[in-house]
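The listed protein sequences correspond, in order, to chains L and R.
Be aware that the first sequence starts at 1, since it is given in the numbering used here, and climbs by one per residue.
Be aware that the second sequence starts at 1, since it is given in the numbering used here, and climbs by one per residue.
Where hints are given, some of them may not hold.
Because identical chains cannot be distinguished in the list, a pair is counted as satisfied if it fits within a single copy or across any two copies.
Capping the alpha-carbon separation at 20 Å, the derived lysine to aspartate or glutamate pairs in EDC-like fashion look like this [unchecked claim]:
| id | residue 1 | residue 2 |
| --- | --- | --- |
| 1 | Lys166 | Asp151 |
| 2 | Lys147 | Glu169 |
| 3 | Lys147 | Glu125 |
| 4 | Lys147 | Asp122 |
| 5 | Lys254 | Asp44 |
| 6 | Lys4 | Asp132 |
| 7 | Lys166 | Glu9 |
These aren't lab readings, by the way, just hints derived from the structure by calculation.
All of these numbers come straight from a predicted model, not from anything done at the bench.
There are 2 protein chains.
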Amino acid sequence: MGFKRKLRESVERNNSLLCIGLDPDPEKLPAGVTVAQFNRAIIDATSDLVCAYKPNLAFYESRGIEGMRALEETVAAVPSGIPIIGDAKRGDIGNTARHYAQALFDVFRFDAATLSPYLGFDSIEPFITYADKCAFLLCRTSNPSAKDFQDLFIQGQPLYEVVAVKAREWNVRGNIGLVVGATYPRELARIRQLCPAMCLLIPGVGTQGGDVAAVVKQGTDASGVNAIINVSRAVLYASAGSDFAEAARLSALKLRDEINTHRCPA
Amino acid sequence: MGFKRKLRESVERNNSLLCIGLDPDPEKLPAGVTVAQFNRAIIDATSDLVCAYKPNLAFYESRGIEGMRALEETVAAVPSGIPIIGDAKRGDIGNTARHYAQALFDVFRFDAATLSPYLGFDSIEPFITYADKCAFLLCRTSNPSAKDFQDLFIQGQPLYEVVAVKAREWNVRGNIGLVVGATYPRELARIRQLCPAMCLLIPGVGTQGGDVAAVVKQGTDASGVNAIINVSRAVLYASAGSDFAEAARLSALKLRDEINTHRCPA
Chain L
1 MGFKRKLRES
11 VERNNSLLCI
21 GLDPDPEKLP
31 AGVTVAQFNR
41 AIIDATSDLV
51 CAYKPNLAFY
61 ESRGIEGMRA
71 LEETVAAVPS
81 GIPIIGDAKR
91 GDIGNTARHY
101 AQALFDVFRF
111 DAATLSPYLG
121 FDSIEPFITY
131 ADKCAFLLCR
141 TSNPSAKDFQ
151 DLFIQGQPLY
161 EVVAVKAREW
171 NVRGNIGLVV
181 GATYPRELAR
191 IRQLCPAMCL
201 LIPGVGTQGG
211 DVAAVVKQGT
221 DASGVNAIIN
231 VSRAVLYASA
241 GSDFAEAARL
251 SALKLRDEIN
261 THRCPA
Chain R
1 MGFKRKLRES
11 VERNNSLLCI
21 GLDPDPEKLP
31 AGVTVAQFNR
41 AIIDATSDLV
51 CAYKPNLAFY
61 ESRGIEGMRA
71 LEETVAAVPS
81 GIPIIGDAKR
91 GDIGNTARHY
101 AQALFDVFRF
111 DAATLSPYLG
121 FDSIEPFITY
131 ADKCAFLLCR
141 TSNPSAKDFQ
151 DLFIQGQPLY
161 EVVAVKAREW
171 NVRGNIGLVV
181 GATYPRELAR
191 IRQLCPAMCL
201 LIPGVGTQGG
211 DVAAVVKQGT
221 DASGVNAIIN
231 VSRAVLYASA
241 GSDFAEAARL
251 SALKLRDEIN
261 THRCPA
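Looking at chain L on its own, in the form it has when it is part of the complex (with noise of 0.2 Å):
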């Protein structure tokens, strides 16, 4: 099932924009729970609150070998109906990108990739060539220095908002989609005026600080969908016990329905 039916499938079915990040920090694992076990448990105890995974590739890449073993266990016990982000930020010239599009789509299995916008276009190509899966631009990212080069004036324009109109016009199958922070509602309320009807992955809800009443309010479409908000620490860590994944979910669930009361229509 390609991505954009899975999204939709998985939010309908758990009434969900949630997306919880599969970003398992070594120091701040529970004693003895390997990273794989870690993310399992969380996933048992979440999978009928998201709409989405989304694993950062750099918290396995630290481990080796071993880490990208925790990362293939990771994605299979994933239910097959909920659809996985590979968190990647990938970018390279076309000949290079299509072999990272094979290790993220073909080896990896993800059902979606995030890709840094820098190269263009002959960059993201190799990505939405496949027509099932979804390719994920940074536009405006969550981090306090997004602002060194993706604030910068291009004739009126900030870059964000220029990567945005671009991606807009690449989008030719719907298959496009951007990454813009929680933590700037002004921006994500003129990325989703710029891009009405794109599919954004929304992180920075949680420990970041994004306030989530904002980022509904902007970040979702005219029919209070097409928004993926992602939160990583603040399920993952909500406990630091034996009761990990119990913890976990009551934050889930607490952030799922506090995401739902402003969703609109309701």
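Here the structure of chain L is known, so what remains is to put chain R in place on it, guided by the hints.
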């Protein structure tokens, strides 16, 4: 030994600015030769001719865990005096970038890595805190679509120049370099002018069509060094037969010498 000293010594020892990109494309390897065998043969045939090696991670990730193992074997096959640049083009928010830095510098033990600048300083910082390593920021890339964003003007200056100026500003530890495509000699000249002392990593000679004379003239510093000129396909696939390693050596020797005829002082 730190990257800078390692590079300086290998440039002198092998009288070379040539870097070989270890990007083994499964479709182009001679029959019956594994990735690790191929790379080891290329390295054994060229290690007295290069200043560095640069594996691009995409070509390993596309083969999954087996590919990552081949990457480990490749790193181990490079003689210890030659620096290895992990061409990964990573870029993520600070907390995550720390994990990518660990992956590239601690796990894979690269001497340097390539990074995307799109997320700004806090995505670069975790890399440059490794004082003995080097972080090469994408500036003006070699691909045709580089122009989509990198050439856009910000207050009279193209984005890639703004990146170059920022990189110079951030380079307080002297361990930031820039990636500049050989296919754009005018842009290369401008970047060298803005950053007279910075180490430039210059891919795009060979299959991509960059002109050696122009690259050496515009890319090297006043002492004829601080430019790492990368060639991948033109060396790796100089022959498709069982003589691939000898053919790679001949191609590398020719390129090294051609580069040296244009170096100044000779």
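Same-copy or cross-copy closeness of Lys147 to Asp122 [CA-CA at most 20 Å]: between (25 Å within a copy, 11 Å between copies)
One pair to classify: Lys166 and Asp151, alpha carbons no more than 20 Å apart. Within, between, both, or neither? both (16 Å within a copy, 14 Å between copies)
Is it within a copy, between copies, both, or neither that the alpha carbon of Lys254 lies no farther than 20 Å from that of Asp44? within (17 Å within a copy, 59 Å between copies)
Between copies, within a copy, both or neither: which fits Lys147 and Glu125 at Cα up to 20 Å? Between copies only: 15 Å across, 26 Å inside.
How do Lys147 and Glu169 come out at 20 Å by Cα distance, when the copy is not named: within, between, both, or neither? between (24 Å within a copy, 16 Å between copies)
From the Cα coordinates, with 20 Å as the cut-off, is the pair Lys166 and Glu9 best called within, between, both, or neither? neither (28 Å within a copy, 45 Å between copies)
Given identical chains, is Lys4 near Asp132, meaning Cα to Cα at most 20 Å, within a copy, between copies, both, or neither? Within. Shortest intra-copy distance 8 Å satisfies the 20 Å Cα cut-off; inter-copy 45 Å does not.
Checked against the numbered hints above, the structure violates only hint 7.
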